[in-house]
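Please work from the sequences and hints to get the whole structure.
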Amino acid sequence: VALDDLDAKTTGKWIHSSSSQKFVGRGYRHDGNARDGNFTARYEVKLPQAGRYEVRLGYTANRNRAANVKVRVHHADGNEIVIVNQREEPPIDNLFGRLGVFRFNADQPAVVEITNQGADGYVIIDAVQLVPSQK
385 VALDDLDAKT TGKWIHSSSS QKFVGRGYRH DGNARDGNFT ARYEVKLPQA
435 GRYEVRLGYT ANRNRAANVK VRVHHADGNE IVIVNQREEP PIDNLFGRLG
485 VFRFNADQPA VVEITNQGAD GYVIIDAVQL VPSQK
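Count the sequence shown with the working numbering and you get residues 385 to 519, in order.
Be careful, since some hints might not be right.
In silico lysine to aspartate or glutamate, EDC-like type, Cα no more than 16 Å apart, as pairs [what the hints assert, rightly or not]:
| id | residue 1 | residue 2 |
| --- | --- | --- |
| 1 | K430 | E472 |
| 2 | K406 | E473 |
| 3 | K393 | E497 |
| 4 | K406 | E472 |
If you anchor each label on the Cβ, the simulated ranges turn out as follows [as the list claims (entries may be wrong)]:
| id | residue 1 | residue 2 | range |
| --- | --- | --- | --- |
| 5 | G421 | V485 | 26 to 32 Å |
| 6 | V515 | A451 | 21 to 27 Å |
| 7 | K397 | A490 | 32 to 38 Å |
What the hints contain is simulated information worked out from the structure, not anything from laboratory work.
Using N, Cα and C, we set each Cβ at its ideal position, and we do this for glycine too.
Here's what the structure looks like:
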């Protein structure tokens with residue numbers, strides 16, 4: 385299951401861009417290096433079946449990106465905050481980084497939230513991917 389940045393419910397005036405060479409869909413968005421905590425992106429999806437899924441975050445890396453992007457994953461066992469360094473190239477096809485493997489129920493949506501709270505550079509939102517996992 386993949387969601388693009390256009391599928392996210394957002395707060396703040398995210399700026400559309402396509403200047404980086406790799407991205408999902410027609411581009412990605414960034415917070416303009418606001419560092420104010422007023423930007424959020426909420427990806428929400430009902431999964432086809434309950435189970436364990438590897439959750440991945442799509443972003444474009446650059447040295448001006450935040451090294452401490454807060455990503456909260458809401459899953460069947462609670463929620464977890466994962467810190468993502470968007471200065472580092474994502475390891476999966478140079479598009480996606482792994483947030484972890486989490487258990488999800490079919491009757492509750494999977495939710496991934498990104499914020500620019502406390503960020504030390506540009507925060508990028510591009511895509512979220514959930515891949516069934518046997519782990």
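Here's how the hints hold up against the structure:
A hinted pair counts as satisfied when its Cα atoms are at most 16 Å apart, and K430 with E472 does not qualify at roughly 30 Å. Between K406 and E473 the alpha-carbon distance is near 11 Å, which keeps this suggested pair within the 16 Å criterion. With a CA separation close to 9 Å, the supplied pair K393 and E497 stays within the 16 Å bound. Restraint check for K406 and E472: the C-alpha separation of about 14 Å stays at or below 16 Å, so the hint holds.
The given range of 26 to 32 Å is respected by G421 and V485, whose C-beta atoms sit roughly 29 Å from each other. For V515 and A451, the hinted distance range of 21 to 27 Å is satisfied, since their beta carbons lie about 25 Å from each other. Distance hint for K397 and A490: a CB-CB separation of about 35 Å, consistent with the stated range 32 to 38 Å.
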